[in-house]
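Participant: Top to bottom, those sequences are chains H and D. Heads up: the first sequence at position 315 corresponds to 315 in the working numbering, and the numbers run straight through without jumps. Heads up: the second sequence at position 97 corresponds to 624 in the working numbering, and the numbers run straight through without jumps.
The set of hints was computed from the structure by calculation and includes no laboratory data. Treat the hints loosely; a few may be bogus.
So, partial list: chain D residues that the calculated Cβ filter (under 10 Å) puts toward chain H [as the list claims (entries may be wrong)]:
no., residue
1, 576
2, 587
3, 589
4, 706
5, 713
6, 714
Don't be surprised by glycine CBs; every beta carbon is placed ideally from N, CA and C.
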Amino acid sequence: MTDPWVWELAQVFYCGRVARVDRRTMVVWCPDWPIIAAALLDGLSMSDPIAVLHANRVVVCSAAARAEGVRRGLRKRDAQARCPELVVIGHDPARDARAFEPVVMAVEQLVAGVVVLRPGVCAFAARGPARFYGHEEAAAEHIVEQIAVECGVEAQIGIADGAFAALLAARAGKVVAPSGTAAFLDGLPVSTLDRPELTDLLWRLGIRTLGAYARLPRSEVMARFGLDAALAQRLAAGEDDRPLAVRRPPPDLEVEERFDEPIERVDVAAFAARALAERLHERLTGYGLACTRLAIVAVTADGQELYRVWRHDGVLTATAIADRTRWQLEGWLTNRRLASGIIALRLAPEGLLSQVGLQPGLWGEAGAQRERAHRALHRTQGILGPEGSLTAVLGGGRAHGPRATLVPWGDERVPNLPEGPWPGRMPPPSPARILPRESVSVSVVDDRGRPVGVDARLRLSGEPARVVLNDRSTLDVEGWAGPWPVEEHWWGERAARLVRLQTLLSDGRAMILALSEGEWAIDAEFD
Amino acid sequence: MAEGRVELSALVKRASELSPQVAGRGDDRMLPVTPPLRELFPDGGLRRGSTVAVMPGSSPGSTSLMLALLAAASQAGSWVAIAGVPDLGALAAHEMGIALDRMALIPRPGVSFDRVVATLLDGFDIVVAAPTGVVPAAGVRAQLASRARQHGSVLVPFGPLAWDGADITLRTEGSVWHGLGWGRGRLRTRELTVVARGKGAASRPRRATLWLPHAPDDLATAPARPKLSLVS
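Put together the whole structure using the sequences plus the hints.
Facilitator: Structure, rendered in structure tokens:
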């Protein structure tokens, strides 16, 4: 892949030597695309006044909003003053791109080599469709109709030499004759170059149209204003030589196996899983990819479709894929009591990433050790099941226990709670033993033997002096600190209202005692 | 002349005091341990293939001692596995310096304890094995020890059950917490006394004191807060 910058440099300096390519370009332009995208994905009505805002300024607005006087660049308050019923939505390039994908696919059904210039605009070489449909206008009509039928979206098409002129032609809804591009551009304002600083400068120099700019001496524009201005001048002169960077359709990575005899036995399923896993792995490595999620789909003889996604930290070997598929099939075959056997099995990799970062170390050392450990754990998982071997990931949370999430070895390492400010968090050092909830209940009494409790504001009712363990032995408290009150999720099901104390007992043990719903318990021990 | 002899005696060292490199032992046969624990081991570190048991002694603190034993090796890139400790605080392991992405936890090996530990010894540099209920029979213990020797890993039997046949057994003999007052302060650091007994070169009991999680350099004996007095 040539760096486009290098290519453009070559275009500027050696344009005479570059072979002239056919530059006829067709551009499909969907006006006000962010509005349409929001309407399609968020279910808004196109006839409402809608404005898309970025950094408190209107970026695009719908026709209804324009009729009320809303313009590009207005501040939110001004826009709402002009049109009080204005629906304001945030600028979201990802949403625009997502909504544009069906349009691109509809165009791709008719023509090859579609390039998405930005969400709402795509381009392709005009020569192919023009020859197929007879002439350019007929091709344009077909494509506009295809988009309207497939996606229900209105589009305009422009044809000219080069993508820049073709986009301007699409905005004007024109087909520019093969040699008329320079003349078409001649009268257009310099602001169409979409380079605000350069436009401003040219305006102050008295250069108002693309034609006037194109007629400036080339070498002096380059010397005075730099490379970008020189490129803009070539665009203004209608000499847009940049080849279209053609979008390559994503490779199909799914693998599927159909069985003549429905599978009902686990060992047969395991055998099928292995073959399929090897095919998927081969295909992935062929593209130099690794996947972080593996979707397993099984279709049963009576048409039921079972689907489950497995997460993984990225080192999916063929064995790992096979194991996960086998575990899943075992689960389906033994637990769900399927009415009929499995007739088709499909593996789809999701969350693809390029494998570069996952290769073993240069000298093999770190990689070899990692391999050894992975193999050993794999066998352990074979003995105890996937949930038997765990690894810990640090996340957020207030107590010491929830801050480390235990995930099965080989799964994606994602903590339960995100990192972030957690006011009221217990200070380090952390206890080495986290006792399970509903664990060891104790009673805590003050020096007169009254049980220690808390009031409505989670303040202690007395100083803890003695702790009675559940084996009836009583230990004196030698030191304590706290309370650390926690009142979490009072609005939901995980509501927790408790206080924690750090306590040092007379036998030398330090522990965290928690009081919740009137019951003291040993939360964790600093063993 | 007398001064000269003093200087000379300072220069002369016993063979056991020589660092492994000087003594000509391959560095690759040793896993590092944190400096205060070094004097507990005749080789100054965890010798690959050895069995080092960690047991609670007369004071609490054995879990922290076990984590402290793994920390230096884990930081140097070793992989560690901990089998049979379901209530281990992973956050404490992290604070102790263990790399969590190179630590595997097998909380409940259950009846497959022997097989699981044997499998782990194939792939991990240090395997902590805490038997639940009963200690494996002498034959199984010997098999596991020889497996560790064969693969160059370190087996660390852990827990209150005595594991006969360990090269070295570490016990906690004293634990003093600092930083916690009566209703104020917080647990900051602990002074842990460890005694090592073993066979062969390690038969003489050795004693070491370590501060967990760190030495009390920043532990100012918390100044008593000035009493508040009523202002009229």
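Participant: Using 10 Å as the Cβ threshold, decide whether residue 714 of chain D counts as touching chain H.
Facilitator: 5 Å, holds
Participant: Does residue 587 of chain D pass the interface hint, meaning its C-beta sits closer than 10 Å to a C-beta of chain H?
Facilitator: Holds: closest Cβ of chain H sits about 5 Å from residue 587 of chain D, inside 10 Å.
Participant: Using the nearest Cβ pair, does residue 713 of chain D come within less than 10 Å of chain H?
Facilitator: 5 Å, holds
Participant: Holds or violated: residue 706 of chain D as interface residue toward chain H, Cβ cutoff 10 Å?
Facilitator: 9 Å, holds
Participant: Can the hint on residue 589 of chain D be confirmed by a CB-to-CB distance to chain H that is less than 10 Å?
Facilitator: 6 Å, holds
Participant: Once the shortest beta carbon distance from residue 576 of chain D to chain H is found, is it less than 10 Å?
Facilitator: Result: violated, 16 Å to nearest chain H Cβ.
Hint violations for this structure: number 1 only, all remaining hints satisfied.
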